[in-house]
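Just add 1068 to the spot in the sequence shown (first one is 1) and you have our numbering.
Bear in mind the hints are in silico, worked out from the structure with no lab data behind them.
Please read all numbers here as calculations on a predicted model, not as lab measurements.
By construction, the Cβ of each residue, glycine as well, lies at the ideal position given by its N, Cα and C atoms.
Among these hints, one or two may not hold up.
[Stated by the list, open to error] Straight line, CA to CA, 20 Å or less: simulated EDC-like cross-link-like pairs of lysine to aspartate or glutamate:
id, residue 1, residue 2
1, Lys1088, Asp1099
2, Lys1154, Asp1210
3, Lys1175, Asp1148
4, Lys1175, Glu1208
5, Lys1200, Asp1128
6, Lys1200, Glu1153
7, Lys1088, Asp1128
8, Lys1200, Glu1223
9, Lys1138, Asp1128
10, Lys1138, Glu1205
11, Lys1138, Asp1163
12, Lys1138, Asp1204
13, Lys1138, Glu1153
14, Lys1175, Glu1223
15, Lys1175, Asp1163
16, Lys1200, Asp1148
17, Lys1154, Glu1223
18, Lys1175, Asp1128
[As the list claims (entries may be wrong)] Label-pair ranges, simulated between beta-carbon atoms:
id, residue 1, residue 2, range
19, Arg1082, Ala1203, 40 to 48 Å
20, Glu1205, Ile1178, 43 to 51 Å
21, Asp1210, Asp1163, 22 to 30 Å
22, Arg1116, Met1187, 29 to 37 Å
23, Gly1117, His1217, 43 to 51 Å
24, Ile1164, Asp1128, 31 to 39 Å
25, Ile1189, Gly1147, 32 to 40 Å
26, Gly1113, Glu1205, 34 to 42 Å
27, Ala1129, Ile1178, 39 to 47 Å
28, Thr1215, Asn1115, 19 to 27 Å
29, Gly1117, Arg1145, 51 to 59 Å
30, Arg1145, Ile1189, 29 to 37 Å
31, Arg1127, Ala1203, 19 to 27 Å
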Amino acid sequence: SAGAFAFLGYRTSRSPLGNKNRHRIYACIRDHPGIAPAEIARATGINRGTVHYHLSCLRDAGLVGILRRKGRGGYFRNGDCNPTEKAMYLHLNNDIRRQILALLLEKPGITQSEIADIMGIARSTAAWYLQKLAADELVESDRDGRTVHYALTCEALAFSGALSSWGTLFLPGDKTSAGNCADSLPQ
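With the hints as constraints, model all of the structure from the sequences given.
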């Protein structure tokens, strides 16, 4: 009778991860927390429409969730990350924010002007990014007269210690680390 259900268009999948593409997408999210759907498609070689369908199935099964911040959404396995870690992963997917976080890790107490000079960006751009990081409670500031010094919060520092290397994190469009998604399996 399973054949009759299949003939009539009913799906008989036993497990949410029983589908090969869904399994690959789930593994990609496990390996790259905070990854966006377009990045999943690029990393796995699965077209975007199919990725969105399988993400919906994974959400419905309670296996993954999405965190949205100002037009950007990142997917996470449910139960893997606390809110600070999720925010950190989303920010680490942005080149400039990742560089600022790395600078703050390397040079606590650095000023906005120093960040702008080191990175070769406008001070207003540095201020904008620092504001976004502070809004997610990843960066704190300390005013000393007219000078403001920035550092990572204790929560961000605790998370940064768990990372093996800031430089080897998944980067959008990074072809070297993206291949990991296609071959890895969920634990």
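Evaluation of the provided hints:
Note on Lys1088 and Asp1099: the hinted pairing holds, with a Cα-Cα distance of about 17 Å set against a maximum of 20 Å. For a cut-off of 20 Å, the pair hint linking Lys1154 to Asp1210 is broken: about 25 Å separates their Cα positions. Restraint check for Lys1175 and Asp1148: not satisfied, since their Cα atoms lie roughly 29 Å apart, outside the 20 Å limit. Distance check on the hinted pair: Lys1175 and Glu1208 sit about 13 Å apart at the alpha-carbon level, within 20 Å; holds.
Between Lys1200 and Asp1128 the CA atoms are separated by roughly 30 Å; this puts the pair beyond 20 Å, and the hint is violated. Restraint check for Lys1200 and Glu1153: the C-alpha separation of about 15 Å stays at or below 20 Å, so the hint holds. As the CA atoms of Lys1088 and Asp1128 are separated by approximately 17 Å, the hinted pair is consistent with the 20 Å bound. For the suggested pair Lys1200 and Glu1223, the alpha carbons sit about 16 Å apart, so the restraint of at most 20 Å is met.
Pair hint Lys1138 plus Asp1128 does not hold up; C-alpha atoms about 23 Å apart against a cutoff of 20 Å. This hinted pair checks out: Lys1138 and Glu1205 have alpha carbons roughly 16 Å apart, not beyond 20 Å. Simply put, Lys1138 and Asp1163 have alpha-carbon atoms about 16 Å apart, close enough for the 20 Å limit, and the pair holds. At roughly 12 Å between alpha-carbon atoms, Lys1138 and Asp1204 fall within 20 Å of each other, so this suggested pair holds.
Using a Cα cut-off of 20 Å, the hinted pair Lys1138 and Glu1153 holds, with the two alpha carbons roughly 17 Å apart. For the suggested pair Lys1175 and Glu1223, the alpha carbons sit about 17 Å apart, so the restraint of at most 20 Å is met. About 18 Å separates the Cα atoms of Lys1175 and Asp1163, which keeps this hinted pair within 20 Å; it holds. Pair hint Lys1200 plus Asp1148 does not hold up; C-alpha atoms about 23 Å apart against a cutoff of 20 Å.
Annotation: proposed proximity of Lys1154 to Glu1223 holds, straight-line Cα distance about 12 Å (limit 20 Å). Restraint check: the Cα-Cα separation between Lys1175 and Asp1128 comes to about 43 Å, which exceeds 20 Å; the hinted pair is violated. At about 43 Å, the CB distance of Arg1082 to Ala1203 agrees with the hint of 40 to 48 Å. Distance hint check: the CB atoms of Glu1205 and Ile1178 are about 18 Å apart, inconsistent with the given range 43 to 51 Å.
A beta carbon spacing of about 26 Å between Asp1210 and Asp1163 agrees with the range 22 to 30 Å that was offered as a hint. For the hinted restraint 29 to 37 Å between Arg1116 and Met1187, the CB-CB distance of approximately 32 Å keeps it satisfied. For Gly1117 and His1217, the Cβ-Cβ distance of about 47 Å falls inside the hinted range of 43 to 51 Å, so the restraint holds. A hinted range of 31 to 39 Å holds for the C-beta pair Ile1164 and Asp1128, which are about 35 Å apart.
Taking 32 to 40 Å as the suggested C-beta distance range, the pair Ile1189 and Gly1147 conforms, at roughly 37 Å. At about 36 Å, the beta-carbon gap between Gly1113 and Glu1205 stays in the expected band of 34 to 42 Å. Distance hint check for Ala1129 and Ile1178: the Cβ-Cβ separation is about 44 Å, which falls inside the suggested range of 39 to 47 Å. Checking the proposed 19 to 27 Å range against Thr1215 and Asn1115 shows it is violated: the Cβ atoms sit about 51 Å from each other.
A hinted range of 51 to 59 Å is violated for the C-beta pair Gly1117 and Arg1145, which are about 22 Å apart. With their beta carbons about 34 Å apart, Arg1145 and Ile1189 fall inside the hinted range of 29 to 37 Å. Checked against the hint of 19 to 27 Å, the pair Arg1127 and Ala1203 passes, with Cβ atoms roughly 26 Å apart.
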